[in-house]
Amino acid sequence: MANDLMTTYAVAAGSAVRHLRAARRRRLVLVLAACAVLLVALATLALSLGAASLPPGRALTALLGVGEAKDVFIVHRLRLPRVAAAVVVGACFGLAGALFQSTLRNPLASPDILGIASGASLGAVWALLVAGVTGLAVAGAAFAGALLVAVAIWFFAWRRGLHSIRFVLVGVGFAYLCSSLLAWLLSNAEERVAQSALLWTVGSVSDIRGEELALLAVVAAVLALAVSLLARTQGPLALGDDNARALGVHVDAARVGSLLLAVGLVAIATSFAGPVAFVALVAPAIARRLLSDGGAALLASAGVGAVLVLTADLVGQHAVLGVSAPVGIVTGIVGAPYLLWLLATNERKSRA
Amino acid sequence: MLTSPRESSGEVTRSRTAGADPVARRARRRALALVLALVALGLIAVASLALGVRDIAPADVWNALVAPDAANQDHRVVLEQRLPRTLVGLAAGVALGLAGTLVQGVTRNPIADPGLLGLNSGASLAVVCAFWLVGVTAPIGYVWFAFLGAAAAALLVFSIGAAQPVRLALVGATVTALITPLITLVLLRDATAFNLYRFWVVGSLTGRGLDTVATLWPFVVVGTILAVVLAHRLNMLALGDDVARALGQRVGTTRAMTGVAVVLLSGTATALAGPIALVGLAVPHAARRLVGTDYRWVMALAALLGPVMLLGADVIGRLVLPHSELEAGVVAALLGAPVLVAVARGRNVAGV
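Residue numbers (the working numbering), protein chains in the order written: chain A, 955 to 1306; chain B, 101 to 452.
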């Protein structure tokens, strides 16, 4: 009798879990499909809009390499690189943000707030204002700045293992340190140079093409592949160190690995595009709320990040008062209100 | 300072009955920390009046304060230059220390500080608009913009995120993400505003006359009184919303009152000294390290350590460079980052 009851409960629980899993999977597929559809639509729009406006049909045939030579040139050389750069950069930031936030278990932990983005800005602004270099050297300085800050955070936060709160606190300290030094550099610089340095700190995807784009895409793809190998550990890690350990996860190794990958993603994306502001903070927060399953939402964050940056770039190019604004300005203006709306509306369901 | 007589006599009785028990030891340790902080503040205030490009003996400083002689060059330096910046540093330091403690208490997030709740960015946006649209350039004119900007941002943040501590911090960061690009947009368009802004945003105690302090000190006083009242409530809130409610507290009221106090305090600090990074973040952590997690003591110590850190930063900034000054904001960040690292490396860092 008691046994029967137990079996009934177990069966009921089992089917409830199966239902939940199926619902979660459906939701994930839905969100990813929505991201994909949006991306295709936005990309088509981005390929057809511009100084020489092409109808979407002509833009798409030009994309395939047929049609007028002029159209093919415009689409392949001018617009496609920018769209691709926006998508890759957005996905990098979204994925990196999701990794930071789930690994450190703090919804505020993003490269903007942890100082890795400000390290990149500081490196680039130093290169522009003090070293007086331009071009690829600035990207190199930004990459070095991001890595240096990450290494410094790592070095100071490491004490018999890497604890989330330590990492986050030290990171925030470095963020303020870097932005203070940045403000000081800007206040001591000559007016004209200061303004161009300010422009770099905003972030833009307009000048990534050719070999730079290929390099960015390849590195991002390799890092994303590595993330997919680690993704299995993110769910248990979100339950806390002890529970994760009980579920058979090597907590320290998993945390070190995912933070390394996140830093790598941010560094590569920032060095080419600049610190495209707040994508890494906003995209995972939106993705988590769209899925609302309490998980790390890695894939969805990458998707939302790509949509966010592509939208922002479109809006920045075509909608702001007739003058083109760099994408970094628009991401905050586009993404933040949506996140605020999500935060304000799903009062009960939300899991931050 | 914040313990009622009843409370401290209770601790004395307990210590008598139990001998050298932990409670008595902790009380002694706390009192010692408070006394030392008070002494440090006194010394720093004297140093701030005496040290600089022209070093003035403490005796002359005293004479300048009690029997000012308009013909004496030293007296004029003390009264016209060093007294205002010392008072600005005192008021802003107290305000930042308390505001940081309040914000960390109400969000229960160790990386929360007034800047992260969107207050600094709100103030910055308002100041930029004052430069850009109204053409205000005198400090006494734009302090009100800074103040109103901070209040508006706080109102937005608290009205959306007040129901949950985690969400409050996330909403704050999101509002910052929304406002920062708007600031950059204005700065990229208006070179004059950028020129004024880059000197404001570094954070400095100079250039604000006694009139700004004379106008704004009541806000600091009211904010401090609110902080004193709130300390006990934050102690209960630290146990979680449910426990606080079970103990008979109106959690919503506590959050709203904290919001008001934070706006008064950090709005004033930002209006007085610009967005000073890290003081509001590092000081509460340092105080918690010294006196434990009881918010009454943390609050008292933070109110003393805030000005110690800010004035200390200002004095150091006057002395390090031979012919010019480093702004207090930069030095505060350079000092605050190691403090934060030291706190983060401590054993019991999680105690928020």
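Treat the hints as calculated values from the structure; they're not laboratory data. There could be a bad hint or two in this list.
[As the list claims (entries may be wrong)] In silico contact screen, one side only, chain B against chain A (beta carbon under 8 Å); selected entries:
1. Ile260
2. Ala273
3. Thr274
4. Thr284
5. Val286
6. Ala291
7. Leu296
8. Val301
9. His332
10. Gly352
11. Ala377
12. Leu381
13. Gly429
14. Gly436
15. Val441
16. Val443
[What the hints assert, rightly or not] Distance ranges between label pairs, derived from CB positions:
17. A:Leu1183 to B:Thr306: 49 to 57 Å
18. A:Glu1165 to B:Gly307: 46 to 54 Å
19. A:Ala1207 to B:His423: 47 to 55 Å
20. A:Ala1200 to B:Ser424: 37 to 45 Å
21. A:Leu999 to B:Leu421: 49 to 57 Å
If you're wondering where the values come from, they're calculated on a predicted model, not measured in any experiment. A virtual CB, placed ideally from N, CA and C, is assigned to each residue, including glycine.
Hints, verified against the model:
1. Ile260: holds, 5 Å
2. Ala273: Ala273 of chain B check passes; min Cβ-Cβ to chain A is 5 Å, inside 8 Å.
3. Thr274: The hint holds - Thr274 of chain B has a Cβ within 8 Å of chain A, the shortest such distance being about 5 Å.
4. Thr284: holds, 6 Å
5. Val286: Violated, because the Cβ-Cβ distance from Val286 of chain B to chain A comes to roughly 10 Å (cut-off 8 Å).
6. Ala291: holds, 7 Å
7. Leu296: With Cβ-Cβ at 11 Å, over 8 Å, it is violated.
8. Val301: Holds. Min distance 5 Å.
9. His332: violated, 25 Å
10. Gly352: For Gly352 of chain B, the interface hint is violated, since the closest Cβ of chain A sits about 14 Å away, which is over 8 Å.
11. Ala377: holds, 4 Å
12. Leu381: Holds. Min distance 7 Å.
13. Gly429: holds, 6 Å
14. Gly436: Where the cut-off is 8 Å and the nearest Cβ of chain A is about 7 Å from Gly436 of chain B, the hint holds.
15. Val441: OK, holds: Val441 of chain B within 8 Å of chain A, min 5 Å.
16. Val443: holds, 7 Å
17. A:Leu1183 to B:Thr306: 49 to 57 Å: holds, 54 Å
18. A:Glu1165 to B:Gly307: 46 to 54 Å: holds, 49 Å
19. A:Ala1207 to B:His423: 47 to 55 Å: holds, 52 Å
20. A:Ala1200 to B:Ser424: 37 to 45 Å: Given a distance of about 58 Å, which is not inside 37 to 45 Å, the answer is violated.
21. A:Leu999 to B:Leu421: 49 to 57 Å: holds, 53 Å
Hint compliance for this structure: hints 5, 7, 9, 10 and 20 are not met, and every other hint is.
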